[in-house]
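Generate the whole structure from the sequences, applying the supplied hints.
Residue-level listing of the chains:
4 protein chains.
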Amino acid sequence: MAIVLGPNRYGKAETRVVHVTRDGDVHHLRDLNVGISLSGDMDEVHLTGDNAAVLPTDSQKNTVFAFAREHGIGEIEEFALLLARHFTAAQPTIRHARVEIEEYSWSRIPSGSGHSFVRSGTEVRTALVHSDGPGGAESVVSGLKDLVVLNSTGSEFHGFIRDEYTTLQPTDDRVLATEVTARWRHRDPGRSEYGGSFAAARRCLLEAFAGTHSLSLQQTLYAMGRRVLEERPEICEVRLTMPNKHHFLVDLEPFGLDNDNEVYFAADRPYGLIEGTVLDDAAPAVPAAWT
Amino acid sequence: MAIVLGPNRYGKAETRVVHVTRDGDVHHLRDLNVGISLSGDMDEVHLTGDNAAVLPTDSQKNTVFAFAREHGIGEIEEFALLLARHFTAAQPTIRHARVEIEEYSWSRIPSGSGHSFVRSGTEVRTALVHSDGPGGAESVVSGLKDLVVLNSTGSEFHGFIRDEYTTLQPTDDRVLATEVTARWRHRDPGRSEYGGSFAAARRCLLEAFAGTHSLSLQQTLYAMGRRVLEERPEICEVRLTMPNKHHFLVDLEPFGLDNDNEVYFAADRPYGLIEGTVLDDAAPAVPAAWT
Amino acid sequence: MAIVLGPNRYGKAETRVVHVTRDGDVHHLRDLNVGISLSGDMDEVHLTGDNAAVLPTDSQKNTVFAFAREHGIGEIEEFALLLARHFTAAQPTIRHARVEIEEYSWSRIPSGSGHSFVRSGTEVRTALVHSDGPGGAESVVSGLKDLVVLNSTGSEFHGFIRDEYTTLQPTDDRVLATEVTARWRHRDPGRSEYGGSFAAARRCLLEAFAGTHSLSLQQTLYAMGRRVLEERPEICEVRLTMPNKHHFLVDLEPFGLDNDNEVYFAADRPYGLIEGTVLDDAAPAVPAAWT
Amino acid sequence: MAIVLGPNRYGKAETRVVHVTRDGDVHHLRDLNVGISLSGDMDEVHLTGDNAAVLPTDSQKNTVFAFAREHGIGEIEEFALLLARHFTAAQPTIRHARVEIEEYSWSRIPSGSGHSFVRSGTEVRTALVHSDGPGGAESVVSGLKDLVVLNSTGSEFHGFIRDEYTTLQPTDDRVLATEVTARWRHRDPGRSEYGGSFAAARRCLLEAFAGTHSLSLQQTLYAMGRRVLEERPEICEVRLTMPNKHHFLVDLEPFGLDNDNEVYFAADRPYGLIEGTVLDDAAPAVPAAWT
Numbered sequence: 000m001a002i003v004l005g006p007n008r009y010g011k012a013e014t015r016v017v018h019v020t021r022d023g024d025v026h027h028l029r030d031l032n033v034g035i036s037l038s039g040d041m042d043e044v045h046l047t048g049d050n051a052a053v054l055p056t057d058s059q060k061n062t063v064f065a066f067a068r069e070h071g072i073g074e075i076e077e078f079a080l081l082l083a084r085h086f087t088a089a090q091p092t093i094r095h096a097r098v099e100i101e102e103y104s105w106s107r108i109p110s111g112s113g114h115s116f117v118r119s120g121t122e123v124r125t126a127l128v129h130s131d132g133p134g135g136a137e138s139v140v141s142g143l144k145d146l147v148v149l150n151s152t153g154s155e156f157h158g159f160i161r162d163e164y165t166t167l168q169p170t171d172d173r174v175l176a177t178e179v180t181a182r183w184r185h186r187d188p189g190r191s192e193y194g195g196s197f198a199a200a201r202r203c204l205l206e207a208f209a210g211t212h213s214l215s216l217q218q219t220l221y222a223m224g225r226r227v228l229e230e231r232p233e234i235c236e237v238r239l240t241m242p243n244k245h246h247f248l249v250d251l252e253p254f255g256l257d258n259d260n261e262v263y264f265a266a267d268r269p270y271g272l273i274e275g276t277v278l279d280d281a282a283p284a285v286p287a288a289w290t
Numbered sequence: 000m001a002i003v004l005g006p007n008r009y010g011k012a013e014t015r016v017v018h019v020t021r022d023g024d025v026h027h028l029r030d031l032n033v034g035i036s037l038s039g040d041m042d043e044v045h046l047t048g049d050n051a052a053v054l055p056t057d058s059q060k061n062t063v064f065a066f067a068r069e070h071g072i073g074e075i076e077e078f079a080l081l082l083a084r085h086f087t088a089a090q091p092t093i094r095h096a097r098v099e100i101e102e103y104s105w106s107r108i109p110s111g112s113g114h115s116f117v118r119s120g121t122e123v124r125t126a127l128v129h130s131d132g133p134g135g136a137e138s139v140v141s142g143l144k145d146l147v148v149l150n151s152t153g154s155e156f157h158g159f160i161r162d163e164y165t166t167l168q169p170t171d172d173r174v175l176a177t178e179v180t181a182r183w184r185h186r187d188p189g190r191s192e193y194g195g196s197f198a199a200a201r202r203c204l205l206e207a208f209a210g211t212h213s214l215s216l217q218q219t220l221y222a223m224g225r226r227v228l229e230e231r232p233e234i235c236e237v238r239l240t241m242p243n244k245h246h247f248l249v250d251l252e253p254f255g256l257d258n259d260n261e262v263y264f265a266a267d268r269p270y271g272l273i274e275g276t277v278l279d280d281a282a283p284a285v286p287a288a289w290t
Numbered sequence: 000m001a002i003v004l005g006p007n008r009y010g011k012a013e014t015r016v017v018h019v020t021r022d023g024d025v026h027h028l029r030d031l032n033v034g035i036s037l038s039g040d041m042d043e044v045h046l047t048g049d050n051a052a053v054l055p056t057d058s059q060k061n062t063v064f065a066f067a068r069e070h071g072i073g074e075i076e077e078f079a080l081l082l083a084r085h086f087t088a089a090q091p092t093i094r095h096a097r098v099e100i101e102e103y104s105w106s107r108i109p110s111g112s113g114h115s116f117v118r119s120g121t122e123v124r125t126a127l128v129h130s131d132g133p134g135g136a137e138s139v140v141s142g143l144k145d146l147v148v149l150n151s152t153g154s155e156f157h158g159f160i161r162d163e164y165t166t167l168q169p170t171d172d173r174v175l176a177t178e179v180t181a182r183w184r185h186r187d188p189g190r191s192e193y194g195g196s197f198a199a200a201r202r203c204l205l206e207a208f209a210g211t212h213s214l215s216l217q218q219t220l221y222a223m224g225r226r227v228l229e230e231r232p233e234i235c236e237v238r239l240t241m242p243n244k245h246h247f248l249v250d251l252e253p254f255g256l257d258n259d260n261e262v263y264f265a266a267d268r269p270y271g272l273i274e275g276t277v278l279d280d281a282a283p284a285v286p287a288a289w290t
Numbered sequence: 000m001a002i003v004l005g006p007n008r009y010g011k012a013e014t015r016v017v018h019v020t021r022d023g024d025v026h027h028l029r030d031l032n033v034g035i036s037l038s039g040d041m042d043e044v045h046l047t048g049d050n051a052a053v054l055p056t057d058s059q060k061n062t063v064f065a066f067a068r069e070h071g072i073g074e075i076e077e078f079a080l081l082l083a084r085h086f087t088a089a090q091p092t093i094r095h096a097r098v099e100i101e102e103y104s105w106s107r108i109p110s111g112s113g114h115s116f117v118r119s120g121t122e123v124r125t126a127l128v129h130s131d132g133p134g135g136a137e138s139v140v141s142g143l144k145d146l147v148v149l150n151s152t153g154s155e156f157h158g159f160i161r162d163e164y165t166t167l168q169p170t171d172d173r174v175l176a177t178e179v180t181a182r183w184r185h186r187d188p189g190r191s192e193y194g195g196s197f198a199a200a201r202r203c204l205l206e207a208f209a210g211t212h213s214l215s216l217q218q219t220l221y222a223m224g225r226r227v228l229e230e231r232p233e234i235c236e237v238r239l240t241m242p243n244k245h246h247f248l249v250d251l252e253p254f255g256l257d258n259d260n261e262v263y264f265a266a267d268r269p270y271g272l273i274e275g276t277v278l279d280d281a282a283p284a285v286p287a288a289w290t
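Line by line, the protein sequences are chains A, B, C and D. Residue numbers for the first sequence follow numbering that gives the first Met the number 0, so the first one is 0 and each next one is one higher. Residue numbers for the second sequence follow numbering that gives the first Met the number 0, so the first one is 0 and each next one is one higher. Residue numbers for the third sequence follow numbering that gives the first Met the number 0, so the first one is 0 and each next one is one higher. Residue numbers for the fourth sequence follow numbering that gives the first Met the number 0, so the first one is 0 and each next one is one higher.
The set of hints was computed from the structure by calculation and includes no laboratory data. By construction, the Cβ of each residue, glycine as well, lies at the ideal position given by its N, Cα and C atoms. Don't take every hint at face value.
Stated by the list, open to error - Partner residues are not named here, just some residues of chain A that face chain B (Cβ under 7 Å, in silico):
#1 Pro6
#2 Val17
#3 His26
#4 Ala65
#5 His114
#6 Val117
#7 Thr121
#8 Leu149
#9 Asn150
#10 Pro169
#11 Leu256
As structure tokens, then:
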């Protein structure tokens, strides 16, 4: 037995950069949270504390701000690629870069001037990019999180296994609610038109959620992923995490009241958690794209 | 010296009730978080544990669900009044009821059926109602929280006190961002048309924020409260809490770059916190309405 | 009707200052979160944006750091008083200062050197100080929050009101759990020995919680406040907020199992919320001390 | 191209079970948060909504409560194994079970009775177990999270790469603080004495953190993992995630004050994030153990 260093990475997490573009009196706002993880020739820093191969996380943070000024901020996938390629190209000791970005959405305040904004939506757009440097592999995963959706009917659940610990009653009409985390991998990392692709994929998710008469949350999840793949050729794999945000019908009989799917208790914990992948089986698997 | 019981109250907090109204295939969704606090003849329960005057918080929770079924859920101010009046009227030992409601907003999923919804906005609508029972005083405070707004220009800050601990430089162009918590008291608790009033007050807040060239966040706060009072005669007092969500211009000079109000670091802590009241001086003060 | 400015205040919230004292190789660590709110002659800044009366919140933050260096950090009540007195004495426009401090506790790592620490406990010590300036009123409220306690027996709940919405069954043996927020007002603001007073008050709260056979959470709350007043003459008023963190006995009968107070579900929401005050009726009321 | 279902799993997350053992007047308390994820023959439920292979998450939750009654709760690794083995043995469609448990620690209230407890520490003990069913593979990963530690000296950082975006100054005396998430894999899943192993591994982590004169957080991380492996033969791999909780020395020169490592600002974001693995290179890799 020998004790050795295994997989490792380091970087600056959660750099909150806000970029304003002035187009005359009309301003454009981008609001990001950037996380960087680098890896490479890092044995010495772990074994002896020799930092000769280490680009400080403080410099990584500075790079985010400087790049926002030098290059502006396009789609977050592009900004992430720009950063990831920079670190792997510029530093011989950095063999691999992972850049993760969250984007917060803002709308213009109606009847406001061109420089007034209001945060819109709980939902966050995400990007996760990997780069192995010039000539090396790259991957781009787009996504969203905190997209909360609910169908107040059109959802059933029955025909399941009943074991000695089963008390759940089957139902043919329940509320189905979830908070979608979706991520999708681009077939050709550098070639997608990310802005339009995101909007379309998001629309696919919403429409498939709304349009699926559901016999289980798994069925809805699969339909959502499938819809994205059917409509978006630039996407080859979709991963979804969907907690079942239970809405329990309240028993009002003790108070002499019926409750015909009208009054629900929205529970916090525990909750069902459904996770699944839908993919084009012809696309090469890239497990590293998701980590 | 004698040790005595002072002010006290008790109740059920955070009952999460969701109500669905079916209008044929078109459903309507209300999603609330209800908090109840009751007070009255509660000496015995504190001094000896005698619960004869205590309506269990569990029964309060049941009442929320049953009332949603019996009365439906109108505007949250109305639902809060209904509950507050019930407890004070039904139980002789309950002299005072306070009901606080948060409402989460949902939009219809475009091109979805009539029963598909998506959570919209980080923002929460609020109501706070007090009732002293039949013939007693009542108050209604409406509001919102988590309304995040930003002006990317049109904000200055200078002319302030400089003491021996002051290093801040004056500026005539900064980002001004805040997360608004606003509450407003209705002049005549039972008479407002709460839905329209809320939409209009919210619009006033947004427009005054966007439309005020700001020399200080205090000035913006006052303008927002004033706008509500000017336009909404049913409202007599506005209280605002507005953290200054600092966006610091990043110094890019070390990298040979200028930064003409383009790249900002969005800081978390510490933050300025501005709180203020704007009111009609002819309206009687009701401090108890806000607690 | 005239629209006027009402009560207002402003300041820097959540300045996170950490202070290290080196006593040879043995270091001492203080870890605080400081919030400052000032008020005074602030009409102009609200009405016109004239900042001539305004000490920037940035300067307030700097003062916290500079005072930590100049004066060290004694008990948090003392540090809060120092700051509050400074602002009201130094600036004629500042008539009133409110300083709120949270302190996070650290323990030494056993068998570590004198400079190695581990965060201990979820619990936070608090102080809230008001000062009206030289010769003016002062108040000091000490406290704690996030103190989570549980009695696994010795708690009953019965004899309560039963109305048409009551389904709760009485019990003579339940789990009683709560997360205590306690604050206590010092009789003579400048005279307490705050460190010892805090430790003793905390011990009173814990011992009264543990030692009270409870017929209601209100009874326990009152016993806790009373214990502090009985044992600590320097304290004249105690305010407690105690959510009832429900632990529901799980019905295991469907699985052929009994459950003799052995297996519980720890619920999140809704929860009972009990708030109460215990005071020496001879002490003058100072409502402003608590806001 | 064909669209297919990829990896998937489902289960009940965050079942909060509290178990009380009565040993005469002395009670023992276990407070857990249990997450279950099952996978197996789940194509049909995704493709058609046929639930014939699905054990409801509600039944999984019931199983947690029933098992707590039937078997008591030993070490969390054992309880997780019991559950994981049950699901894979009992249901032919369930090929794989993953059980994750968090345990919250409680201490006895001093001078309280045997049934009075106070939550102790921010720190959470964790277990993550995988089982492929009777005769199949098993893995057990123990761990902890939210362990916050700080060295107020004995930490340096210099000799790092300087690129065009580097402004950080080298230092030979800084505060080093982190919030440790550590997980460690047991060599022989069923054979460890988990309680003693956990206490010893935790002690190793603390002592190595305290005892390492640090030239980089990576060096400290590696020393911590190495210490566990050196002292605990039952453990073959350690994974650590350690954010660098920056404490910035405050520049007090503008106020005419020095600051000889005395006053720090504790920053929230951004932060460095260091992740690494230390392992026995003779132990077979089991990547699935960690997912």
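Results of checking the hints against the structure:
1. Pro6: Interface hint status for Pro6(A): violated (30 Å vs cutoff 7 Å).
2. Val17: 4 Å, holds
3. His26: 4 Å, holds
4. Ala65: 5 Å, holds
5. His114: 4 Å, holds
6. Val117: 5 Å, holds
7. Thr121: 5 Å, holds
8. Leu149: At about 5 Å, which falls below the 7 Å cut-off, the nearest Cβ of chain B leaves the hint on Leu149(A) intact, so it holds.
9. Asn150: 5 Å, holds
10. Pro169: 20 Å, violated
11. Leu256: 5 Å, holds
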